[in-house]
Amino acid sequence: MKLHRVKTPTLKPAYIAALLPTGVAINYAGSLLRNMLGVPLFLDSGGTLLVTFIAGPWMGVVCSILQACMVALTLGPIHIVEFLPPSIIAIIVGYAARYGITQTWPGLIGTMIVIQPPACLASAFIYTYTYGGFAGSGLDIMHAVFMQASQSIFAASFISELVTGFLDKTVLIIVLMLVFRALPEKFRVCTPFKGKKDDDADDE
Numbered sequence: 137m138k139l140h141r142v143k144t145p146t147l148k149p150a151y152i153a154a155l156l157p158t159g160v161a162i163n164y165a166g167s168l169l170r171n172m173l174g175v176p177l178f179l180d181s182g183g184t185l186l187v188t189f190i191a192g193p194w195m196g197v198v199c200s201i202l203q204a205c206m207v208a209l210t211l212g213p214i215h216i217v218e219f220l221p222p223s224i225i226a227i228i229v230g231y232a233a234r235y236g237i238t239q240t241w242p243g244l245i246g247t248m249i250v251i252q253p254p255a256c257l258a259s260a261f262i263y264t265y266t267y268g269g270f271a272g273s274g275l276d277i278m279h280a281v282f283m284q285a286s287q288s289i290f291a292a293s294f295i296s297e298l299v300t301g302f303l304d305k306t307v308l309i310i311v312l313m314l315v316f317r318a319l320p321e322k323f324r325v326c327t328p329f330k331g332k333k334d335d336d337a338d339d340e
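In the working numbering, the protein residues as written are 137 to 340.
Among the hints, erroneous ones may be present.
Dumping the calculated DSSO-like pairs for lysine-lysine here, alpha-carbon to alpha-carbon at most 30 Å [claimed, not checked]: (1) Lys138 / Lys322; (2) Lys330 / Lys143; (3) Lys138 / Lys330; (4) Lys143 / Lys322; (5) Lys330 / Lys148; (6) Lys148 / Lys322.
Computed Cβ-Cβ distance ranges for the label pairs, DEER-style [stated by the list, open to error]: (7) Lys143 / Phe261: 32 to 42 Å; (8) Cys205 / Pro149: 19 to 29 Å; (9) Pro320 / Ala153: 17 to 27 Å; (10) Pro157 / Phe329: 21 to 31 Å; (11) Phe329 / Trp194: 21 to 31 Å; (12) Trp194 / Gly246: 16 to 26 Å; (13) Tyr151 / Gly268: 38 to 48 Å; (14) Tyr164 / Gln284: 30 to 40 Å; (15) Lys148 / Gly268: 43 to 53 Å; (16) Ala280 / Thr144: 37 to 47 Å.
Hints were generated in silico from the structure; no laboratory data involved.
Each residue gets a CB set at the ideal place from its N, CA and C atoms; glycine is no exception.
Start from the sequences and build out the full structure, keeping to the hints where you can.
In C-alpha cells:
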C-alpha cells in the first residue's frame, strides 16, 4: 500500500463547533446504552471516531477530552482520566486516515486492529490504578475471571479489554460506516466509500 497525503475538506469554525458537541453526544449516548444494557462493551468512542475521520486526529482528541469533562461533571471528577484511551484511538486512526490507509477495507480493518493494544493498555492502567480493577460495568465479570487466572489486576484488565475491544470496535465501525455511506461524498474521503457517487447522483 502506497501512502499518500489525503486532501480533506476545509471545515468552517461553525461546522467544527457543531461537530464536536455531536461527537460528544454520540459518545455519551453509547456510554448510557452500555450502562443500561450491562453489556461488556465500551460503545463510547463512536463520536470520537466520527469527528476524527471528518476533522482529523487532534479534533478527535478534543472530542475525547470534552467527553471526559462531561462525564466527570455528571458522574464524578475521577472520570476525567478516561480521555486517554479514546485520545490514543483518535491519534492513530486520524493519522492513518490522513495518509490514505483507511480508504480501503483492509487498511480500515488493519487500523482497527492496530489501535487495540495501546488503547487497552491505557484503559487497563486506568481500571487498575483508578478503579482497582472494577468500575461497575459489564466488564467487571470478565475482569474477575481473568484476575483469578492471572493473579494480576493489570493483566486481567488488559486481557479482558483486549478481548471485548475487538467486538466493540467492530460494532462501532459497522455503524459508523453506515453513517458515512449516507453523508455527502466530501466527508467520505478518509473511508472506503471515497469516490462513490451519492445515491441522488446515481438516479440522475
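Against which earlier hints does the structure fall short, listed by number upward? none
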